[in-house]
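Chains as they are written, first to last, in the working numbering: chain F, 1 to 512; chain R, 1 to 339.
Careful: at least some of the hints might be erroneous.
[Stated by the list, open to error] Calculated from the model, a selection of chain R residues having no Cβ within reach of chain F, i.e. all distances over 12 angstroms: (1) E56; (2) L134; (3) L148; (4) I161; (5) T170; (6) G178; (7) V184; (8) V204; (9) S314.
[Stated by the list, open to error] Which residues of chain F face chain R? A few of them, derived with a C-beta cut under 7 angstroms, are: (10) R330; (11) V333; (12) Q347; (13) A348; (14) L350; (15) L352; (16) V361; (17) L364; (18) A368; (19) H369; (20) G371; (21) W372; (22) I373.
By construction, these hints were calculated from the structure, which means they are not laboratory data.
From the three backbone atoms N, C-alpha and C, an ideal C-beta is built for every residue, glycine too.
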Amino acid sequence: MASEPPLLTMSGITKAFPGVRALDGVDLDVHSGEVHCLLGQNGAGKSTLIKVLAGAHQPDTGTIRWRGEPVTLRSPSAAMRLGIATIYQELDLVEHLSVAENVHLGHEPTTTGFIVRGKAARASTARLLHRLGHPEIDPARRVGQLSAAQQQIVSMARALSHDVRLIVMDEPSAALDPDEVDNLFRIVGDLTADGVAVVHISHRLEEIRRIGDRVTVLKDGRAVAGGLPAKETPTREVVALMTGRNVEHVFPPRPAETPAGQPVLEVRRLARKGEFEPLDLTVGPGEIVGLAGLVGSGRSEILETIYGARRPTAGQVLVSGSPLRPGNVRAAVRAGIGLAPEERKAQALLMLESVTHNVSVSSLSRFAHAGWIDRGAERAAAHEAIRELSLRPDNPSVRVRTLSGGNQQKAVLARWLLRGCRVLLLDEPTRGVDVGARAELYAVVRRLATEGVAVLLVSSELPEVLGLADRVLVLREGRVVHEAPARELDERRVLDLVMADSPVASEGSPAS
Amino acid sequence: MTQHMSPPRDDTGKATPTGQLPFWRGLMAHLDVRTLSLLGVLAALVVIGGVTKPDEFLDTRNLQLVLTQASVIGVVTVGMTFVITSGGIDLSVGAIVALASVWATTVATQDYGFAGILFTAVAVGVGCGLVNGLLVAYGGMVPFIATLAMLASARGLALQITDGRTQIVTVDQVLRLGERDAYVLGIPPLVMVFAVVTVIGWLVLGRTTFGRRTVAVGGNAEAARLAGIDVRRQRLYLYLLSGLCCGIAAFLLIVLSGSGQNTNGNLYELDAIAAAIIGGTLLSGGRGTITGSVLGVLIFTTITDIFALNNLQSDVQQIAKGAIIVAAVLVQRRTASTT
Numbered sequence: 001m002a003s004e005p006p007l008l009t010m011s012g013i014t015k016a017f018p019g020v021r022a023l024d025g026v027d028l029d030v031h032s033g034e035v036h037c038l039l040g041q042n043g044a045g046k047s048t049l050i051k052v053l054a055g056a057h058q059p060d061t062g063t064i065r066w067r068g069e070p071v072t073l074r075s076p077s078a079a080m081r082l083g084i085a086t087i088y089q090e091l092d093l094v095e096h097l098s099v100a101e102n103v104h105l106g107h108e109p110t111t112t113g114f115i116v117r118g119k120a121a122r123a124s125t126a127r128l129l130h131r132l133g134h135p136e137i138d139p140a141r142r143v144g145q146l147s148a149a150q151q152q153i154v155s156m157a158r159a160l161s162h163d164v165r166l167i168v169m170d171e172p173s174a175a176l177d178p179d180e181v182d183n184l185f186r187i188v189g190d191l192t193a194d195g196v197a198v199v200h201i202s203h204r205l206e207e208i209r210r211i212g213d214r215v216t217v218l219k220d221g222r223a224v225a226g227g228l229p230a231k232e233t234p235t236r237e238v239v240a241l242m243t244g245r246n247v248e249h250v251f252p253p254r255p256a257e258t259p260a261g262q263p264v265l266e267v268r269r270l271a272r273k274g275e276f277e278p279l280d281l282t283v284g285p286g287e288i289v290g291l292a293g294l295v296g297s298g299r300s301e302i303l304e305t306i307y308g309a310r311r312p313t314a315g316q317v318l319v320s321g322s323p324l325r326p327g328n329v330r331a332a333v334r335a336g337i338g339l340a341p342e343e344r345k346a347q348a349l350l351m352l353e354s355v356t357h358n359v360s361v362s363s364l365s366r367f368a369h370a371g372w373i374d375r376g377a378e379r380a381a382a383h384e385a386i387r388e389l390s391l392r393p394d395n396p397s398v399r400v401r402t403l404s405g406g407n408q409q410k411a412v413l414a415r416w417l418l419r420g421c422r423v424l425l426l427d428e429p430t431r432g433v434d435v436g437a438r439a440e441l442y443a444v445v446r447r448l449a450t451e452g453v454a455v456l457l458v459s460s461e462l463p464e465v466l467g468l469a470d471r472v473l474v475l476r477e478g479r480v481v482h483e484a485p486a487r488e489l490d491e492r493r494v495l496d497l498v499m500a501d502s503p504v505a506s507e508g509s510p511a512s
Numbered sequence: 001m002t003q004h005m006s007p008p009r010d011d012t013g014k015a016t017p018t019g020q021l022p023f024w025r026g027l028m029a030h031l032d033v034r035t036l037s038l039l040g041v042l043a044a045l046v047v048i049g050g051v052t053k054p055d056e057f058l059d060t061r062n063l064q065l066v067l068t069q070a071s072v073i074g075v076v077t078v079g080m081t082f083v084i085t086s087g088g089i090d091l092s093v094g095a096i097v098a099l100a101s102v103w104a105t106t107v108a109t110q111d112y113g114f115a116g117i118l119f120t121a122v123a124v125g126v127g128c129g130l131v132n133g134l135l136v137a138y139g140g141m142v143p144f145i146a147t148l149a150m151l152a153s154a155r156g157l158a159l160q161i162t163d164g165r166t167q168i169v170t171v172d173q174v175l176r177l178g179e180r181d182a183y184v185l186g187i188p189p190l191v192m193v194f195a196v197v198t199v200i201g202w203l204v205l206g207r208t209t210f211g212r213r214t215v216a217v218g219g220n221a222e223a224a225r226l227a228g229i230d231v232r233r234q235r236l237y238l239y240l241l242s243g244l245c246c247g248i249a250a251f252l253l254i255v256l257s258g259s260g261q262n263t264n265g266n267l268y269e270l271d272a273i274a275a276a277i278i279g280g281t282l283l284s285g286g287r288g289t290i291t292g293s294v295l296g297v298l299i300f301t302t303i304t305d306i307f308a309l310n311n312l313q314s315d316v317q318q319i320a321k322g323a324i325i326v327a328a329v330l331v332q333r334r335t336a337s338t339t
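Bound-form chain R, shown alone (with noise of 0.2 angstroms):
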C-alpha cells in the first residue's frame, strides 16, 4: 500500500478495473513499483546475509538485534517522512534525540523513576518541535536554517547538561524493557513501539485530514492557503510531530543503552532523510510514504548489520549507503519521468 492514497491503478498511472485482473495483477495494482522494488532489495539483502553468514545472520537473535537498532532511526523517520511531504525539513532530529535522553537521565528526573524519564523525553523533544515550528510557521524562517540553528543548540545543551559524561540509568523498570524477559512472543518492546509508530503514522498520513493537510501544503502550499487551510499552523503542528518522534526515539535509545549521551542520535537526520528519500517521499514535498520510509530504514539497518558481521569497516558501509541513495533516486527519476 502506498500512502499517497491512489485508487488502485498500475504504474503507469492509467485507472485499473481490478475485477478482472488475475490475482497478481490485483495485488501489483495495490503495491507500487517503488514499494516492490524496496521490498525486493530487502529480500535481496536478507538473501546475501543468508548465504554469506547462515548462521550468523538467520538467528533470532541477530533479526531482534536489526530490528530493535532499527527501532530508534525508524521513529524518528516517521516524523521526519510527515515535515518532508509538507516540503520541509528537520535537521535537528539527532540533536534532540540527545537532548532529550541526557535531560531525561539526569539524577533530578530519575528520582521520579520510569514516568519521569519517558516524560521528560518526550516534552523535551514536543518543546524542540515547538520552537522549530514557531519559527518556521509563525517566524518565516527557511525551515532548513532554523532547524539546522536548533541542531547547534541542542547539541550544545546536551553537552552543558552531561559535561561529556555518559549517565547511567539506574531505574529498573527502564532497564527491564530492554531484556529479553520483556520480549512478547519473542517481539521486543521497543520493536512493538516502533510497529504502532508506524502504522499510526501510516494511518494519519493516508486517512486522516491532517494527513491530507499535509500533503496538501507539500504538494502546494499557496493552493492550500487559497483552498481554506491554515497552512501555518499545518506546519507547526508538523514540527512539533517531528520533536515528539524524536523524544519517543530518544527514551527507546535510553532503554536500548541504559544510558543518557550527548552524542547521542549523532547524523541521525541524515540518516532518516535518507531512508525518507529511498522510500519514495519527494524531497520538494507533496508526496510523502510512510511504508517506503520504513523499508528505508530496514534497507539501511540490514545492510550495517550484514557489513559488521562481515566484518567490513564502517567505511565501507557508508559507501554503500551513498550508492544506494543515488541508485534510487535515480531510478525514482526514471518512474517519474515515465508516468
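Same shape as in the complex, but just chain F (with noise of 0.2 angstroms):
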C-alpha cells in the first residue's frame, strides 16, 4: 500500500459550529478495497465528520486529498462526482416516489436530455436490486411501502447507481434483522473485493471484528487512535479509548448527605406500552437522581411521560403528594415541574426571540396584568435568572440564537428557575454543550438542587451521570435493572449491567 496513494486523505480536518467544536484536526486515511470503521460514542464527531467527507459541511481548515490530489468537497454533488457515496443513518429516501425514481433521484436516464425513460431506469434498478440480493422489491413499488431494512437496501442501490469508489454507512445495521445483517455484509464484501472503500459507522464491536480492517477512534472531536488493526485490537482497549476521558470533567462536590424529606418527585408503576416497563421512582428535595441506559432503553420517553408529553398507559405522576392528570403538560408545569428536553432548538427554545422572551414564556402570567405585560418587571426577572446562571452575554435582549449551546441550555435552565420550579426533568442537559462549559452546567445543576429542587437526570454519557447524580437507576430495555448511589458505582459496572445479553459496546449506542 505504500507504494499508491490512499484513496482518501482527509488531515487536520476542524469544524466549529457556535459553541461547540465538533472536529478538532481530525485525521482519517482510507484506502481501495478495504473496510474502515468508526468508532466513538454520541457526540465524538462521527457524524460531522461524514458530513465533511459526503460535501455536507465544509471543514474550518484541514485538507482532503482523493487519490493523492487535494480536493474541495464543495457540495454533495461534488462528493459524488469523486464517486463518494453515503448512506444515512436517517434514510433520505421520498416516499411518494417509486424505488427506481429514488435510486435515479437526480440522473435519471432520459431522451433528448428531458423525458424520463421509466422502463430504462427500472431495469437498471432491478439489475442494482439483483446485485445487492433482494431481487424481490419491485422498482415500481412506491418507497414509503417498504419495510425498514428494504429502504436501507434501497438506498444502497443509489449509492451504488453512481460509479462509485467510497461508500459511507452510517449505522447501517441498526433498522435491520440479523439476516439481513449478514445480507449487508455480503454486499461489503462483494464491493470491496471489486475495489470500492467502505468507511462503517457502527457500536456494534463484534460487526467491526467481523467486516472491519482498520479502525479509527473518535473522542470529542479528535481521533485518539488511527487506522488500529480491527481484528486484533482487544476490545478493552477499544472501549477504553472511547470512553476514557482526556478531559477531566470538574463535578461538583456532593452534599456530605442527601437531605432528607417528603419524596418531591414519585413515580408509581408509570409505563407506557412498547416503550418502558411500570417504573416506580422517587426523587427528594435536593436530590439529582439519574437514568443510565441504552438510547433505546426508553430514557427520554419516560423523562417526557413523567412530564405530560406522552401519555401514560399505566401509572401516575405525584408531586409533593399529589396526583398529577396524566398526559398534560400544563398539569406538570402547574404542579412545579420543568423540563430541559434532548432537543433543545426543536423542543425549547423560540430561536427567533430574546433570552427575555424565552425565559419568560412559562410565567407570564406572573408579569401580566389583566393580560397586558409589565415588559420592565419581565425584564428585570428575566435578568436575574440568567445572571444567577452566569448566562453571558449578561444581557437579557440578545437573541437566544446567537448564544452558544451551553448558554441556550442554562436559558432554557432559566426558565424553570423563574418559574420557580420544584423538580426538574433534565434530558441529555449538555448535548452539544462546548466540553469547557459543561462544568459550569453541572455547578449550576447542584445548586439548583441545593436549593431544594429534585433533579431527574438523564444523560448518554455515562460519567455525567455517575459524576453529577447522587443515585442511579440503571435502565435495560424500558427496565430497571439496577439502583444504587452513584458512588457505589464505575463506568465499567454500568455498562456491564446495560450491556448484559446485548451486542453492544458502549454506552449511547442504539440497541434497536
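Fit chain to chain and form the complex, with the hints in mind.
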C-alpha cells in the first residue's frame, strides 16, 4: 500500500459550530478495497466527519486528498462526482416516489435530456437490487410501502447507481435483522473485492471484528486512535479509547448527606406500552437521580411521560404527594415540574426571540395584569434568573440563537428557575455543549438541587450520570435493572449492567 | 416601532447602547430597517402621485378616500397578521366579509336598525372564525384546508341569502356614518375605526400575554407546548380574532357601499396576506408586525389610487402589486440572511 497513495486522506480537519468544536484536527485515511470502521460515542464527531466527507459540511481547516490530489468537496454533488456515496442513518428517500425513481433521483436516464425513460430506470434498478441480493423488491413500488430494511437496500442501490469508489455507511445495521445484516455484509464483501472502499460506522464491536480492516476511534472531536487493526485490537483497549476521558470534568462535590424529606417527585408503576415497563422512582428535595441506559432503553420517553408530553398507559406521577392529571403538560408545569428537553432547539427554544422572551414564556401571567405584560418587570426578572446561572452575555435582550449551546441550555434552565419549579427533568443536558462549559452547567444543576429542587437526569454520557447524580437507576430495554448510590458504581460496572445480553459495545449506542 | 418587541438595536441585531447616540441613530434603533423601507416606499408613492396628478392626488377628498378604502382591508389584515404570526393562514376572510355583509343587510336584520346590523356582522364573523378555529385547533385540520373549505361554504351561503341581488341599506344611522357630516376634524369614522383596531392590535401583539403566546406558537409550537402554553386554545382564539376583524370589516363595507353583496370582499384573503408579508410578517410564523401590515395596506391602496387617477387599467395595477410582493420578499430574504 505504500507505493500507491490512499484513496482518501483527510488531515487536520476541524469544524466548529456555534459553541461547539465538533471536529478538532481529525486525520483519516482510507485505502481502496478496505473496510474502515469509525467508532465513537454520541457527540464524538462521527456524523460531522462523514458530512464533511459527503460534501454536506465544509471544514473550517484541514485538507482532503483524493488519490493523492487535494480536492474541495463543495457540495454533495461534488462528492458524488468523485465517487463518494453516503448512506445516512436517517434514510433520505422520497416516500411518495417509486423505488426506481428514488434510485435514479437527480440522474434519471433520459432521452433528449428531458423525457425520463422509466423503463430503463426500472431495468437498471432491478439489476442493482439483484446484485444486492434483493430481487424481490419491485422497482415500481412506492418506497413508503417498503419495510425499513428494504428501504435500506434501496439506499444502497442508490449509492451503487453512481460509479462509486467509496461508500460511507452510518450505522447501516441499526434497523436490520440478523439475516439482513448477513446479507449486508456479503454485499460489503463483494464491493471491497471490487476495490471499493467502505467507511463503516457502528457501535457493535463484533461487527467491526467481522468485516472491519482498520478502526479509527473518535472522541470529543479528535481521532484518539487511527488505523488500528480491527481484528486484533483488544476490546478492552477499544472501549478504553472511547470512554477514557482526556478532559477530566470537574463535578461539583455532593452534599455530605442527602437531605431527608418527603419525596418531591414520586412515580408509581408508570408505563408506556412498547416504550418502558412499569417504573417506580422517587426523587427527594435536593436530590439528583440519574437514569443510565442505552439509547432505546426508554430514558427520554420516561422523562417526557412524567412531564405529561406523552400519555402513560398505566401508573401515575405525584408531586409533593398530589397526583397529576396524566398526559397533560400544563398540569405538570403548574405542579412545578420543568423539562429541559433533549432537542433544545426543536423542543424548548424560540430561536427568533430574545433571551427574555425565552425565559419568561412559562411565567408570563406573573408579569401580566389583565393580560397586559409589565415588560420592565419581565426583563428584570429574566435578567436576575440568567445572572444567577451566569449566562453570558449578561444581557437578556440578545437573541437566543446567538448564544452558544451551553448558554442556550442555561436559558432553558433559567425559564424553570424563574417559574420556581420544584422538579427539574434534564434530558441530555450537555448535548452540543462545549467541553469547557459543561463543568459550569454541572455546578448550576447541583446548586439548583442544593436549593431544594428535585432533579431527574438522563444522559448517554455515563461519566456525567455517575459524576453528577446522587443515586443512579440503570435501565435496560425499558426496565430498571439496578439501583445504587452513584458513589458505589463505576463506568465499567454500569456498562456491564446495561449491556448484559446485548451485542452493543458502548453506552450511547442504539439497542434497536 | 416593530412588533417583535426587540429592545433598541440596529439592523445587525447587535444591542446598541442608546445613550450616546445622535438623535437620528436613536430613532433608527427604534425603527428597524424594514419599517423604514416601507415608509420610504410609501413616501415615494406619495411623491409620484403628487407629481403625476398634483391637483387630484393631494386633494383632501382623495386622501380621505384612500384612507377609507384602506380601512376595510386594513382591519382584515390586522386579524390576518395575528393568524400568520402564529404559523397559520386564513383563506376565508374575503368570504366571511361577504357573508357577514349580506347577513347583516337582509330585510329581517335591518328591522333591528343600526344595532342589528352591527351585531349581526360581528356575530357572523366570530361564528365563522369559531368554526375555523375548532377545525384547526381541535379537529387537527391544516389551516389552509379548513379555511379554504370555509371560503367555499361562506361564499355559497352568501349567494344563497342574496340570490345574487344587491341588498340596499335603508337604516339612516348606518348610512350617515359614511357621509361627510360624520367626519370628525376631516377624518372619516371608518378611518377612525381602522386606527383604533390597529392600535389595539399593535398593543395586543406586542404587550400582552396573548400576543406573546401567539408569537411563541408560531415560532415553535412544540416548544410552546412544552413550556406549558395551551397551543390549541391559542389557535382557536386566533381564528376567532380573525373572524371578529372580518365582521368589523363587513360593517365598514356596509357603511361605505350602503349595501350588502355576495361579491363583497373578493380576493381580500390575497390582499391581506400580501400586505402582511410585505410588511415583514413571516409566512412561516414566529414574527409579526402590525405596523408593517398597515403600511403594506396603505402602499397597496395608494398604488390603486394613483393608477386610477392616471387612468391606468387594473391589469397594470395587478402587475405592479405582484412586482412589489416579489421585491419585498427578496429584500427580506437578504436582510434575514445578513442578520
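Hints, one by one, checked against the model:
No Cβ of chain F comes within 12 angstroms of the Cβ of R:E56; the nearest lies about 43 angstroms off, and the non-interface call holds. Non-interface call for R:L134 relative to chain F: holds, since the shortest CB-CB distance, roughly 20 angstroms, exceeds 12 angstroms. At roughly 22 angstroms, the least C-beta separation between R:L148 and chain F is larger than 12 angstroms, which holds for a residue marked as non-interface. Interface exclusion of R:I161 from chain F stands, the closest Cβ pair being 36 angstroms apart, more than 12 angstroms.
Taking the minimum C-beta to C-beta distance to chain F, about 40 angstroms, the non-interface status of R:T170 holds against the 12 angstroms cut. With a least beta-carbon separation of about 34 angstroms from chain F, R:G178 lies farther than 12 angstroms from that chain, consistent with its non-interface assignment. No Cβ of chain F comes within 12 angstroms of the Cβ of R:V184; the nearest lies about 28 angstroms off, and the non-interface call holds. With a cut of 12 angstroms on Cβ distances, R:V204 falls inside the contact zone with chain F, its closest approach being about 8 angstroms.
The claim that R:S314 lies off the interface holds: its Cβ sits roughly 37 angstroms from the closest Cβ of chain F, which is beyond the 12 angstroms cut-off. For F:R330, the suggested interface contact is upheld, since its CB lies about 5 angstroms from the closest CB of chain R, less than 7 angstroms. For F:V333, the interface hint holds, since its Cβ comes within 7 angstroms of a Cβ in chain R; the closest pair sits about 3 angstroms apart. Interface hint at F:Q347: satisfied, since its Cβ lies 5 angstroms from the closest Cβ of chain R, which is below the 7 angstroms cut-off.
Satisfaction of the interface hint for F:A348 is found here, the shortest Cβ-Cβ separation to chain R being roughly 5 angstroms, below the 7 angstroms cut-off. The interface hint given for F:L350 is met, as the beta carbon of that residue sits about 4 angstroms from the closest beta carbon of chain R, less than 7 angstroms. Evaluation of the F:L352 hint against chain R yields a held restraint, the C-beta minimum of about 5 angstroms falling below 7 angstroms. About 5 angstroms separates the beta-carbon of F:V361 from the nearest beta-carbon of chain R, less than 7 angstroms, and the hint is met.
Checking F:L364 against chain R by beta carbon gives a least distance of about 5 angstroms; that is within 7 angstroms, so the hint holds. Because the closest C-beta pair between F:A368 and chain R is about 5 angstroms apart, less than 7 angstroms, the hint holds. Annotation: F:H369 was flagged as interfacial toward chain R, and the flag is violated, the nearest CB pair being 10 angstroms apart, outside 7 angstroms. Because the closest C-beta pair between F:G371 and chain R is about 5 angstroms apart, less than 7 angstroms, the hint holds.
Proximity of F:W372 to chain R holds as hinted, the smallest CB-CB distance being about 6 angstroms (cut-off 7 angstroms). Interface restraint check: F:I373 against chain R, minimum CB-CB distance 6 angstroms, threshold 7 angstroms, status holds.
In this structure, the earlier hints numbered 8 and 19 are contradicted, and the remaining ones agree with it.
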